[in-house]
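Q: The lines below spell out each chain.
2 protein chains.
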Amino acid sequence: MAKRVYLFNEGSKDDRDLLGGKGANLCEMTSLGLPVPFGFIITTGTCREFFQAGNKLPTLLEQEYRVALDLVEKKMGARFGDPENPLLFSVRSGAPVSMPGMMNTILNLGLNDEITEGLAKKTGNPRFAYDSYRRFIQMFADVVMDVDGEKFEHEINQYKSTHGKTLDVDMSADDWREIVRIYKTLVDFPEDPFEQLKMAVEAVFLSWHTPRAIVYREMNNIPDILGTAVSVQSMVFGNFGDDSGSGVAFTRNPSTGEHQFFGEYLFNAAGEDVVAGIRTPLPVEALGERMPGVYDQLFKTQALLEKHYRDMQDIEFTVQEGVFYMLQTRSGKRTGRASVKIAVEMVKEGLITESEALMRVSTDHVEAFLHPMVDPAAKTDIVATGLAASPGGSTGKVVFSAEEAEDEAAKGHSVILVRRETTPEDIHGMRVAAGILTELGGMTSHAAVVARGMGVCAITGCDALSVDYAAGTATTTEGVVISRGDTITLDGASGEVMLGDIAKTEASSSDDFQVLLSWADKYRRLKVRANAETPEDAAKARELGAEGIGLCRTEHMFFAADRIDVMRAMILSETREERQTFLDQLLTFQHDDILELFKAMDGLPVTIRLLDPPLHEFLPQTEEDINALAERIGKPAEKIREIAGRLEEVNPMLGFRGCRLSVVYPEITEMQVKAIIGAAVDATEQGCRPLPEIMIPLVINVREIRLITKIIDKGIHEILKEKNISIPYKIGTMMETPRATLGAYRLAPEVEFMSFGTNDLTQMTYGFSRDDAGKFIPRYLEKKLIDADPFVTLDQRAVGRLMEIAVNESRAKKKGIKYGICGEHGGDPRSIRFCHDLGLDYVSCSPFRVPIARIAAAQANVGVEPND
Amino acid sequence: MAKRVYLFNEGSKDDRDLLGGKGANLCEMTSLGLPVPFGFIITTGTCREFFQAGNKLPTLLEQEYRVALDLVEKKMGARFGDPENPLLFSVRSGAPVSMPGMMNTILNLGLNDEITEGLAKKTGNPRFAYDSYRRFIQMFADVVMDVDGEKFEHEINQYKSTHGKTLDVDMSADDWREIVRIYKTLVDFPEDPFEQLKMAVEAVFLSWHTPRAIVYREMNNIPDILGTAVSVQSMVFGNFGDDSGSGVAFTRNPSTGEHQFFGEYLFNAAGEDVVAGIRTPLPVEALGERMPGVYDQLFKTQALLEKHYRDMQDIEFTVQEGVFYMLQTRSGKRTGRASVKIAVEMVKEGLITESEALMRVSTDHVEAFLHPMVDPAAKTDIVATGLAASPGGSTGKVVFSAEEAEDEAAKGHSVILVRRETTPEDIHGMRVAAGILTELGGMTSHAAVVARGMGVCAITGCDALSVDYAAGTATTTEGVVISRGDTITLDGASGEVMLGDIAKTEASSSDDFQVLLSWADKYRRLKVRANAETPEDAAKARELGAEGIGLCRTEHMFFAADRIDVMRAMILSETREERQTFLDQLLTFQHDDILELFKAMDGLPVTIRLLDPPLHEFLPQTEEDINALAERIGKPAEKIREIAGRLEEVNPMLGFRGCRLSVVYPEITEMQVKAIIGAAVDATEQGCRPLPEIMIPLVINVREIRLITKIIDKGIHEILKEKNISIPYKIGTMMETPRATLGAYRLAPEVEFMSFGTNDLTQMTYGFSRDDAGKFIPRYLEKKLIDADPFVTLDQRAVGRLMEIAVNESRAKKKGIKYGICGEHGGDPRSIRFCHDLGLDYVSCSPFRVPIARIAAAQANVGVEPND
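In order, the protein sequences belong to chains G and V. Heads up: the first sequence begins at 6 in this note's numbering, then just goes up one per residue. Heads up: the second sequence begins at 6 in this note's numbering, then just goes up one per residue.
Pulled out of the complex, with its shape left as it was, chain G reads as follows:
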């Protein structure tokens, strides 16, 4: 039979699986010679035995821990269950992985009527003794005996009101004794300390199977078999008088990252009082002034722990009657700014390696270097919460249309554009807005994608709002009315909408951050590209480290005011000749735009996707707009309505779009090829090195690729022959339909690259329309039917499996294909890790996600999960 009980001096930090995380750390500190109140740990293996036996503790267990208990008593100089000189315990659960939903700590275990009386005598402080006792009963009843804690609070309040007391400090020893008496009428409380201990151990084990713990394990793939350990530790008291106290401290400043010991201390207070914030703590230096010896011990201890754990530590300690005790140490939480500074400085100090430094920075933390962020401390008046669609914080005047946004911005105002949803026609307003807020749409809705692309803060799917354009208001479910011209603040990182101007921390470039990025580039294998259409976005992306464009959505070039009518006229053409006239005009626009892109991305690959959206997306919707268009392009409104009606679709996402357009209208593809290669020729003549990669979207089989490649090759050769010039180019396919992934081995011989369009692939794999899923995804998350929005974090189980099939089978067929991802997942760290593991060559994301992708790619390559 394996050893079931370990004393604190019998384990180390490497024994997490056996002793739980908390227990392993207590052992480690004990081995370091630190003054840890002594105790023992019951192993996770015992927990497994407990379940196997049908929730029964092993017969010999009590005997085993009684042996350990004897040794603890000797070391602590007090005895468990002895009224003369009582030893009390705290009992905690401790799983190998930190896990919510497990049992809370029980403090002061070992008290009963007799022992409390003894404790009162020994300490000369009956109020302390009875307060501790009533707290213990309440805690024990709540977490071990499953009695509703409300009942106890109710009794205290009743007692206070009938006795004219208000605060806990008004309560005397006798008052607490009376409360204990009342409590005992509510619960069948066990007086035997050993019985208490046994019940507590059982309760810890049973808490492994609370619904919340089960769901958490399922969500995080934690094996059910692990089980939890139980740590039993001697109590020490910081509330014994003025020579006692409790404190928490950080080995470095958790807010700025400065290398400076930083903490708080409360004299004559228990540990939980510091955390609860009942009194305002003093800076930890106050302890130095009053008890320099103890402070010196504390200071040395924290320095030792940081060096030992090689990370900034968050420590808890207690001083009892002038004696210093360490209660806990763990990696300290920190702000983004601090995490970068600490990581970089620790490398300089020789404490950690560059790759370790990379693992210390969570990608969420990096946001702070890219956008202004709402100051968490300043948050107030949160009136609605939507999806955190594009990070950053911004404040501005509310407008309800793109036109208003332009007008107000022209007057120098910062504006927040509020819409039910956005369409490509709103782009001009989105460009000038400081923030975007929509009632509808998910994480990959038009508003979300465009905002992230522009680096503008956005909240989408905020269905707590009801937008009324006519009235110029947005009303929350709670009845708060936001009107045109009101000032509001958006927190794009949390999805919160606030009234008024809330303080923000500015985006700040920092040398440390640049150093970290340079390390990321050194350690990553995945290339990072950006999704961009405009020269400005391309330049920004390059500045942020993009190594090419992974997705240029050519249709975006046709939405500008001076072009959309030409595009519409092309779509509304009734003969091939008529269509050709307008295609010739579009050719000029497209050529010029792509030329600028090639210049901005000189020497880097630019992946250009052929026209993808359904044609009706370009046509006007309202009667008014149709009539106006009719007048502008000189076509009867009746005719426009008729053609638009014919083009309308029930499910446009699964309709006449993508390469299906090339199949039916090869002349559109011919025009696009002319524009791309014509631009490449011009760029070359202007001294640049363009690297065009032409991407065919929404492919279902190899015959489409063959047909379209023929059109592309023919167009290219005509131009190159005429110009007598040679341009390197690639033809590839976007992998968006499940069918393309399942047949990738058949596509392989015909393509040079495959880029996973995981937005569409997710839509089709789930049968979730990204435009409509906002209606039920929140309910799915709320009911824990899914762990994450699959449009944000790539679903590895099905979507990822299709990608895996595609990569493995096409690679087996042909070497040298380049693999990329250009869906929104290309900027999501967890998805980037998956792409790395799958062996893709690059990810492509919004320009502002590029630095995050660089770090995530490095973290994936360094190999260990970030420890956040």
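You may find that some hints are simply not true.
Since the list can't tell identical chains apart, any single copy or any two copies may satisfy a pair.
To be verified - The calculated lysine-lysine pairs, modelled on DSSO-like cross-linking and capped at a C-alpha distance of 30 Å, are: (1) K8 / K384; (2) K61 / K203; (3) K789 / K735.
Derived by calculation from the structure, the hints in this document are not laboratory data.
Go by the hints and put chain V onto chain G.
A: Showing chain V alone in chain G's frame:
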């Protein structure tokens, strides 16, 4: 080196791969001792050598076939290239599999100026000789030398007009000789017979690579490597005089199937004349009257061949100067009625086994027993062609709305309902229509699915028609206007729309057909269920052999006029309480309908799918209908518009539907469970044995199933406990999303059956909306980008692969799950074969497809592809 040339007495019918199908049959007949004009065959292996050598005949080949030729000359008593006693050849391609696009036959090979003169002398018939010669030059130039045949026709016509001739019979020997002279100015014709033969052999080999042949092979998975054989056969002539002639005959009547020798004969005519129908042939018995000995030989031959090949034969024969020759035998084409009769009778005659009989009947043939069919001979005035959505033929007066349809039908008129598309609101009109014709929609559109379900003839996606409701007309692209009240005929088997009343053959039950079906039931492993919602459909399905209901779409029960408003009121409810009121009303409807279903399907399983479509599908669309509804249910039109607007979706197919409804509105599921189990209890109390199977639609993961199963189980147990009764029931899932199939192994532990909803699965795997794909699928078929509409024939490569993953992985996880298919593919023979091979337990299809599915399932189990 393998033998390259085989004489007709050196092979057998088993040598198809080596000698081609045609060659193998000639050898077989020769071995049977039948009088086949002798010849030889150049092997398919020689063809492969030819390609490997860069389209060059092997050096030794000519030497080899000259040896064979000597033997042929000896046997035929004439010599190739000898003007005194010339032997002529027919040269044919012959692939192992019959294949369009290959080279045509060349007749009379071996003629040149000198030999023609000799032939004229020998036969004493110069006109015959020169007519043969000019035919040969024309044919040779066309198929070997690739000269446009039009040129030759043009010369003949010019000659005739300048010489005052009209018909070929007006042409004398001299006329044909002059034509030959003119022909020779058009083409560099080789005079050397051996050169002719060599060129013909090369031309046969090269024709293996015509584009048409390549595409055909790709479509039918015929390996490119096979190659074709060349058969070279001595010519015999039926046009030598009155003691000569040609005939074709069938060993049984190909139209009725009667066991009676049946054929046609032309005196003094070549074989091609019989086929071309220049003169009206006589019944073959005429030969018996004039040449009883020859007839006797013919009759014995046909009887021998049928017995030998064990199938009805289609034979060609020629009589030259009183001598009987067999030219060809092959399985004869036959009508559906005949195929069934012949198959069943041949079993009775002991000629074939029951399972062979099953393989002799093509499922297309079976249609004739289920629906009236348009008589192919009577077809005329075809004004438009659409998709053959639901088989059968029907004639009626054109109406343009469901209401008109009802009115006209009430007056006793047969009506054809013509719509742009149909929606559930048209059902009442569809029920009374004799046929349905829609401008839009594919093979799985609403119109198509409903029509097939009702067994009503339908043509969908007929985009050659432009329907104008207001004008009451449907205008074809050619300008033909079909007006309200006009009589038209639909051929649902071909998709043809005809003006007027076209003759039809009545659907006729036949004893033979019933016998065949009983054999099918004996030999199949797959069970066959039907998709049905009404007791009538269920009864019909059962009568046609359905072994349960595989899909009952509960939503169909809410579309009736007296229910739809309750459904709408439920959807428009603003509180759970309000919704419950209407749910309680719906409960009654649903309960009663399902009770009837259970009674109709007493003792057989009934799979009931929980509510599936997006809720907005139930709401009215037009302002007028909204206002009317507002009045009827007493809710402000404004409110209705608002809620309808909120429910509207961009891509409803990927939206808020399926089990997502159960997640958000569990009360709907609770109502449905109450209806189902309540009905089961009542059915049981009425002495029936209901076997409900509750099916959860559009699942993406196991947590949905767990959540909904909990709701279902709870509802069921409440009722069963209250009634103190036990009802066997199953809970299962529809497999429609790619994600469900990829995660089937995770779903397995929670379900008792899985039914593949291949309509949706195809939509998502392809990214093809079945409502919209009509816009591009025809172009895809036309450009050969796909081989078949994936909504008609299951795509095995991707959709089938997902099914395979699902079945294999879930079966590995848990034994005993029942697998079925309930998409439209469940009634498609090719798809049924796939389902059989995959090891599914049942297919479910429209009631009228049940007999076809029974036969297809048997054919799949018997194992060999049907030989049609």
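Q: The structure should be examined with respect to each hint, and the outcome stated for every one.
A: Hint check results:
In this homomeric assembly, K8 and K384 never come within 30 Å of each other (Cα to Cα): the closest approach is 51 Å inside a single copy and 91 Å across copies. In this assembly of identical chains, the alpha carbons of K61 and K203 lie at most 30 Å apart only when taken from the same copy (11 Å versus 94 Å across copies). Proximity of K789 to K735 under the C-alpha cut-off of 30 Å is restricted to the inter-copy arrangement: shortest distance 25 Å between copies versus 44 Å within a copy.
Against the hints set out earlier in the document, a violation occurs for number 1 only.
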